[in-house]
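Given the coordinates of chain A, assemble chain B onto it according to the supplied hints.
Protein chains in written order, with this note's numbering: chain A, 1235 to 1823; chain B, -12 to 387.
Misleading hints may appear alongside valid ones.
[Unchecked claim] Heads up, incomplete: computed chain A residues facing chain B, CB under 8 Å, no partners named:
| no. | residue |
| --- | --- |
| 1 | Ser1677 |
| 2 | Leu1687 |
| 3 | Ala1706 |
| 4 | Asp1714 |
| 5 | Gly1773 |
| 6 | Phe1774 |
| 7 | Lys1779 |
Keep in mind that the hints were calculated from the coordinates and are not lab data. Beta carbons: idealized from backbone N, C-alpha and C, even for Gly.
Residue strings, one per chain:
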Amino acid sequence: MSKIFLFLIFPLLGQFTDKTIRYVPVPVPPKSIYVSVSGSDRAEGSAAKPFRTINYAVSKAMPGDKILIAAGVYRESVVFERGGSSAGKSITLQAVNQAKVMIKGSDRKTGWVKDKNKLWKCVLDTTQTRMMLFFNSKKLFNVPTLQECSKALRWTKTLEDGKAVIWANFGTLDPNVGLTELSVRNIGISARPGVDYINIEGISISQVANGYASIYAEQPGAIDTKNGKYWNIINCSISECQAVGISIGIPGHVYTDVNAGRPEFNDYTDLASVGHHKISRNHIFNCGQAGIFGLIGGTASTIEDNLIENINQDGDYTGDESAGIRLAMAVDATLTHNLIRRVYGKNGYGVFLGPIFQGARLSRNIISDCDAGLLYLLKNHGPTLFDNNILAMADTADKKVDGVKMEASEANVFVQNLFYNCSFLNGRQSGMPVSTSNFLPHSLVIKQTIPALNIDHRWYGNLFIGKGAGIAKSTGCEADFNLYADGAMPLSWADVNSTKAKNSLSFRLEHHQKGVALLWKKEALRPIKIPALTADFLGFFALSKQYIEYPDGKKITINRDFLNVTGASVRPPGPFYRGQGLKQRIKLF
Amino acid sequence: MHSLNVCSRLIRHCKWMLTFIVFFLFIADTYGQVLKLGATVAYHPKPFTHPGLLHSSSDLQRMKDMVAIGREPWKSAFEKFKSHPWSSASCEPHAVQHVERSLLIGAGKNIGNLEKDVCAAYQNAIMWSITGDEAHAKTAIKIINAWSDTFKVFDGTDVELGAGLNVFKMASAAEIMRATYPKWKQEDIEKCKVMFRDVFYPPIQYFALWAHGNWDLACMKGMMAIAVFNDDHEMFDRAVDFYYKGPGNGSLLHYVVNEDGQCQESGRDQPHCMLGIGHLAEMCEIGWNQGMDMYSFTQNRLLKGFEYTARYNLGEDVPFQPYNDISGRFPADKISINGRGKLRSIFEQVYNHYAFRVKGIPADQYRYTKRAADELRPEGAGFNADNAGFGTLFFSLPHP
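Bound-form chain B, shown alone:
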């Protein structure tokens, strides 16, 4: 009897740990790199809201208004944004028929062209929205149309990354332009949709189960972006389903692997870790703009990932549990110091969401995210096409 009590006390005491162990064993047993795709839940049966990727109409209006009245931090953030080369209306497209993102020596055809162009299209779309200067609208449309007319083949060893990252930015540009610039011809919009569906989507459709989580995540956010622009609910649900329970390293609970906020790539290096949680946050923002709260899944697990990563990169120690990822390829027994302290422009979005948009989250739950955002403010560009960047301009919310 006594031993039974001890046992039950022990079980009660270690409940969370046991839950974690059982969960881990379950996923480790079940997955691998074999995908069994069934019908997904209809997460978003309603018509999509447009523009509805990272920026809703009200987001775009807020940026415009705050910049117009010269309020901080938008004023400084806009200065930084405007001075960035890809925000210039003089950007020209470099569209080609074939892009390759590849690790193989001598390969990697035209990927630089595409990355430059999607960033320029996106930043010019935002510039157009804030300034009303049609030159920016024309540049954004010119770039998108050039690629829609030309681009046919996307391949290479790392095509999932290339397709996911780049389509996210190009679709973000297209989503803003379609909603705000009626002169963009319908036939060109249709061509753009076809390019997204036929060139960008095939490489990302099966995610990247063998890779570090940021690969899955690039696929997922690219998929969400295409889905919203193309009004493809099935595609949208596929990406959202993967966020909640996908078998790869990129689903939320496989990326932010525990309640401490440790990330699947924490043991790899810090820039990839920030890239990954940045992707997750971008997915959540799309979901938010479509009326879904993906941020709060599993007691705000994403925020825990941000806190953990920010804290470590701000110089503090964090706990680390040895972890082997879902693919089994990337065991890590200690946190990596590679790239530590080089904060990426991802924190402002999540800080503003928790500090000013949702209610009732105690400040100490996002204090490191806030500190990282404070340190970077105003945030600059995302690294190439990796993340949206410019979070201070894009995501700052007025303080109540």
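Here chain A stands alone, though its shape is the one from the complex:
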């Protein structure tokens, strides 16, 4: 009997073992996973029986899967444990049918007790230090002392018996009746380090209490790619976050004992293994430090059609890395048609790049009303192309503030831009300069590490209104075929073929809630003959061994304007080829 049993069981065991050894996972077809605020994490995640939390759905998602989220407010942190496996096998997180999906870093807070002097008191079971308080979706202003809470919509925090106590002034309203929210999470959507190929589409994120970011330290964001690559973040809204809206950075560190043999940022060597994000059509607003921020993640990434506004509007952030977009080690980054406006603070810039942004291109962006300047370009060997941008300092801006600040930043090529009240600073690093690396074109292979200077810039075919560049001659710099209007002065050492407008352009930007238009007297535009703005004309940047090029190495010719119109050689300098054929009011964004 036992012999018969063995005779029968052995072939079966053999077959099982064989299958086990040769096991190859059978491809699972991509599936849709559903989430709803009325669902349950014990359900099956189908359309009929959706999950309750996005984070649970994410934990079940495999490459190629799509997580579809129904309308509602989700008070949770979403952290991807795994990502997609390729561009065609991303994991997608998406609002179903463009539903209004909101992930909040806050929890609703009730249990407020009325105290004296219009103050309400609430004891927390946490000693968390970074938090924000919202009442009926409006952020309350955090003040350091109880005395300063005498005005409405202010709050402060004390410690009693090791517990945090919130004191807040809600005016005449009862916080237990209205919607009172206390930010308690520092992550909106993030991932384990190194998770690639994630799509996030149509999600709103708000009230995340993330810490401040630094290129030389941690870089938390409400959406945080955490050292992953190939993330697409599209049509999202990120607002009311304490520091950075979208972080595409990875934690940096301070470099000690740097020299040419051991330069800063030498830890990143492979362009294919970083960045490559697409950040498009997002609205980032009311964030405390930056709209988009990151070390290395900007490399080979595209940031386009985003509206970034009201950054650091409370002035809480006092460091020096605040901007609409702040990137370092952003080789071949492309920033196109973003509207960046109202970045506050003495160090609040529209776009702050550096150290290192070789091969980057900023095209058709509208940047206005930033306290510290519109562009800050720090430590780079170039070349970098700025074409068809509209950079406008506020009429109320400090006249001493330069619109474009270049510090140890070489080979910045400005072509067909409109500069309004926007002078330039072209400086070198003070003190002992730190050497800055440049790379073989379109790579992170260090080619040279030498101090970056203030040389080799180009200004061709630009329109300056109100102020000219106003800089002294510097080695290798060229400027010509520009138009100067409303008091802007050509450069005395260049601008041989440039002209001045006879009449005022009466330029102004007309901002509205989701966009901006340009108004001017187009009659003042004067066409001149401008040479073809080809890569050859602009020159071969010998240190970086590249022309003005696309990330694939093809040479760029600037032959289209802001409105994508192709132009004749006789045209007005600036980002609009049609000149007097234009409308008086041009929608820009």
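Same frame as chain A, but now just chain B:
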């Protein structure tokens, strides 16, 4: 009227200084590190003379004859040359696929192999030419062929230097061997040409506008060497054009920056300065062997650089004007004493050219160059692959 006269007298008096200032402002304004390469002048439309790098056929014959008859200084110079390890026929190639010359810590792959081998190939080619001992010819060919068969990638932060210096010596060896050793197979010669064109040339093709002048110069002389060996006139013209009017620190007038002979790297250190003028002289010698006189450009400006550098390194004072280079990276307000007095083997070539080859140059115009050559004679090896070295053997000319 009076003030006009004063003014014109002043202008006349300061003519040269004004010329210099205008020239300096012009170049400082125009250049930087952006290269706009147009079509260059056809400096050398005729077929190249072979061998035609540092040594023509008659140069090689002279060395051979003088050594054979035991005449000084060739006799002592040859003894020194022969005893150098890289002149040995027992040298073996160390060819690899990838060489990296880099400043980065932990990098610098195989550059030592290449430097050793190009020097050995060159010195064995000369040994073959002087002694007729085929063992040296075989060693030179073995080394060149090994690299032609193997070498594919040259990179690193300092690749311009590595490629320029090393191809100069390897092409010098190849140029002699092709002209003197018929057993070197045509197919191997073709492979060598391909290696020069595809591995060595790409890193040097755009010069090194951001660097001290010796970088441009390494590119230029390497380019000339490849061009002659590969019979590439366009490449040759590109290098010669840069010598005359290139935008980098390496063109003659950007390297020997004034009539005093002050060099772009005088304020850096003396060894680099000697390296740089040595490169310039080597370019001029190639030009000379191809029927061009690059030595005499701008009233023998190169000689002034040699005189200035020799004089300072022989212990005398020289004038120094604060100078900022073309790239703007290397301002210098005083001459550097670093490496002062450590003469490099570069002086014999220029001394012999001016003392015995061209006529009518007063001796006081090359007296410090002569003194430096006298002091070193017989000159030894160039520093690694930097310069040819052994100038007493290579360039001594019989006194009339």
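Interface hint check: Gly1773/A, Cβ to nearest Cβ on chain B, cutoff 8 Å. Holds or violated? 4 Å, holds
Given Ser1677/A was flagged as interface, is its beta-carbon under 8 Å from a beta-carbon of chain B? 11 Å, violated
Agreement of hint Ala1706/A with chain B interface, Cβ distance less than 8 Å: Hint on Ala1706/A: violated, closest Cβ of chain B at ~12 Å, above 8 Å.
Hint status (Cβ of Asp1714/A to nearest Cβ of chain B, threshold 8 Å): Asp1714/A check fails; min Cβ-Cβ to chain B is 13 Å, beyond 8 Å.
Does the interface hint hold: is Phe1774/A within less than 8 Å of chain B, judged Cβ to Cβ? With a closest approach of 4 Å, the Phe1774/A hint holds.
Interface hint outcome for Lys1779/A [beta carbon to chain B under 8 Å]: 6 Å, holds
With chain B as the partner, please determine if Leu1687/A meets the hint condition of a C-beta pair closer than 8 Å. 6 Å, holds
Violation of the numbered hints given earlier is confined to hints 1, 3, 4; the remaining hints are satisfied by the structure.
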